[in-house]
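Protein chains: 2
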Amino acid sequence: MSMQSYYLGSGFEPGKPLQGGCVAQVVASKAPGFAEGEVVSGMLPWSSHQIVEADAQGLIVGQLLKHVYGCKVIGSAGSNDKVALLHELGFDAAFNYHTTPKEQALKEAAPDGIDIYWENVGGPVLETVIEMCRPHARIVACGMISQYDLPDEEKYGVKNLFHVVTKRIKMQGMVVGDYYAELGKEFATTMGKYVTEGKVKAVEHVTEGIENAGKAWVEMMAGGNTGKAVVKVAAEDPFPVKKE
Amino acid sequence: MSMQSYYLGSGFEPGKPLQGGCVAQVVASKAPGFAEGEVVSGMLPWSSHQIVEADAQGLIVGQLLKHVYGCKVIGSAGSNDKVALLHELGFDAAFNYHTTPKEQALKEAAPDGIDIYWENVGGPVLETVIEMCRPHARIVACGMISQYDLPDEEKYGVKNLFHVVTKRIKMQGMVVGDYYAELGKEFATTMGKYVTEGKVKAVEHVTEGIENAGKAWVEMMAGGNTGKAVVKVAAEDPFPVKKE
Numbered sequence: 001m002s003m004q005s006y007y008l009g010s011g012f013e014p015g016k017p018l019q020g021g022c023v024a025q026v027v028a029s030k031a032p033g034f035a036e037g038e039v040v041s042g043m044l045p046w047s048s049h050q051i052v053e054a055d056a057q058g059l060i061v062g063q064l065l066k067h068v069y070g071c072k073v074i075g076s077a078g079s080n081d082k083v084a085l086l087h088e089l090g091f092d093a094a095f096n097y098h099t100t101p102k103e104q105a106l107k108e109a110a111p112d113g114i115d116i117y118w119e120n121v122g123g124p125v126l127e128t129v130i131e132m133c134r135p136h137a138r139i140v141a142c143g144m145i146s147q148y149d150l151p152d153e154e155k156y157g158v159k160n161l162f163h164v165v166t167k168r169i170k171m172q173g174m175v176v177g178d179y180y181a182e183l184g185k186e187f188a189t190t191m192g193k194y195v196t197e198g199k200v201k202a203v204e205h206v207t208e209g210i211e212n213a214g215k216a217w218v219e220m221m222a223g224g225n226t227g228k229a230v231v232k233v234a235a236e237d238p239f240p241v242k243k244e
Numbered sequence: 001m002s003m004q005s006y007y008l009g010s011g012f013e014p015g016k017p018l019q020g021g022c023v024a025q026v027v028a029s030k031a032p033g034f035a036e037g038e039v040v041s042g043m044l045p046w047s048s049h050q051i052v053e054a055d056a057q058g059l060i061v062g063q064l065l066k067h068v069y070g071c072k073v074i075g076s077a078g079s080n081d082k083v084a085l086l087h088e089l090g091f092d093a094a095f096n097y098h099t100t101p102k103e104q105a106l107k108e109a110a111p112d113g114i115d116i117y118w119e120n121v122g123g124p125v126l127e128t129v130i131e132m133c134r135p136h137a138r139i140v141a142c143g144m145i146s147q148y149d150l151p152d153e154e155k156y157g158v159k160n161l162f163h164v165v166t167k168r169i170k171m172q173g174m175v176v177g178d179y180y181a182e183l184g185k186e187f188a189t190t191m192g193k194y195v196t197e198g199k200v201k202a203v204e205h206v207t208e209g210i211e212n213a214g215k216a217w218v219e220m221m222a223g224g225n226t227g228k229a230v231v232k233v234a235a236e237d238p239f240p241v242k243k244e
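So the sequence lines, in the order shown, correspond to chains W and B.
Reminder that position 170 of the first sequence reads as 170 in full-length UniProt numbering, one-by-one numbering, no gaps.
Reminder that position 95 of the second sequence reads as 95 in full-length UniProt numbering, one-by-one numbering, no gaps.
Accuracy of the hints is not assured; some may be wrong.
Below, a list of computed lysine-lysine pairs in the BS3-like style, where the Cα atoms sit at most 25 Å apart [stated by the list, open to error]:
(1) Lys159/B - Lys159/W
(2) Lys170/B - Lys66/B
(3) Lys159/B - Lys102/W
(4) Lys107/B - Lys170/B
(5) Lys159/W - Lys167/B
(6) Lys167/B - Lys102/B
(7) Lys102/B - Lys159/W
Stretch by stretch, here's where chain B covers chain W in the computed footprint (C-beta under 8 Å, at least three residues) [what the hints assert, rightly or not]:
(8) 134-145
(9) 162-175
Simulated from the structure, these hints should not be mistaken for laboratory data.
Please read all numbers here as calculations on a predicted model, not as lab measurements.
Just so it is clear, CB atoms sit at the ideal spot from N, CA and C, and this is done for glycine as well.
Next comes chain W alone, as it looks inside the complex:
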């Protein structure tokens, strides 16, 4: 059971199970195209039996950019353990944003400026990156976790958006669910290949038991996870699929 899509709002209805990215196994089916025992994935309710997923966004994006597209990759993280993990995964530079001033760390790591920013932080980090963007930089805006909990009046005001004009920056909001239908299969195939080849390593932070899902969520939002936050609902499948 994957901790994600916590910001879209529209999918959460009181009294109904939460929705999230899931990998599930079909235990019974009357639908054509879904056979017993088959493994399926998608946005499913948090009510299945045993679910695993691995796609911690920053780690995956950084590894893809580094090991598939050949970019120089800089990571920021909230602890020294996470910084060590980023180095281990091949990031060119990584810094702990709790202990290193971000302007200094970014300027040292990217003295010539930034061409691509995968945005999942927001606030002052976004502002610093915009300041450092090179002409025609691209900002892939997939989240702004520093801003989620804040009431509107306390949200951070980004003051240097004029650089978007002078530097011809493209900032594009993207939500993964928009691309499931068209690109989901291709993603699974291609990413499977990269994982098999060792270009991309999947890192999971597993919490045991659906009763701890709420705790796991809160910890993730506070940065307590390293890698993809996953809840393992049961140690063994309580409804084993009948084999022919």
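Following the hints, position chain B against chain W.
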């Protein structure tokens, strides 16, 4: 002599003439492709003899969107005269941002939200528009005039950029000079056709005499012009082109 490209910085060198969008006439030429008497245009120094241009951005963009692309178009302006002009040019709605609260005016004019925002204002107007953007809205960022004069610490902080993610907004900085070489000719031809057909009306605010260029500039930055701010350097060409 056109008042523009005042924000790019790179083109302004002490002791050299300012650069700007110009239409000029060739009075002497040793270059192939430039014949005496020919009219040329481009980014030229403010030192020619008689220069005219007409492309007040907001008026042109609004008229194109309305009369060529069939969009519903809302304009904001700083005086009642300008608002009247926008109505006259066929804008669906227009309001005076000095006298009407922008949230109220925009919500009345666009109750279903905004799909395209041509951004030349910045600050709280940008913030209000982002709040009202519909999913997949596009922000064409060509300027942020409200922010130019302010020291960094006084610039307006835009607090609701997270909507860029959830609404999948695309914000793209664009500077006209990037497209002169590739599209300038096509633009002149197509726009000429629209002007001839009456789809787009050129509106000019003419200041006489290069000695008033500084004053014209300051007035434009303070909103004193209606339409394209132009400086007419001389009433008649002091160097008439020799006719064969």
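Quick rundown of the hints versus the structure:
no., hint, verdict
1, Lys159/B - Lys159/W, "holds (9 Å)"
2, Lys170/B - Lys66/B, "holds (21 Å)"
3, Lys159/B - Lys102/W, "holds (20 Å)"
4, Lys107/B - Lys170/B, "holds (21 Å)"
5, Lys159/W - Lys167/B, "holds (21 Å)"
6, Lys167/B - Lys102/B, "holds (21 Å)"
7, Lys102/B - Lys159/W, "holds (20 Å)"
8, 134-145, "holds (count 4)"
9, 162-175, "holds (count 14)"
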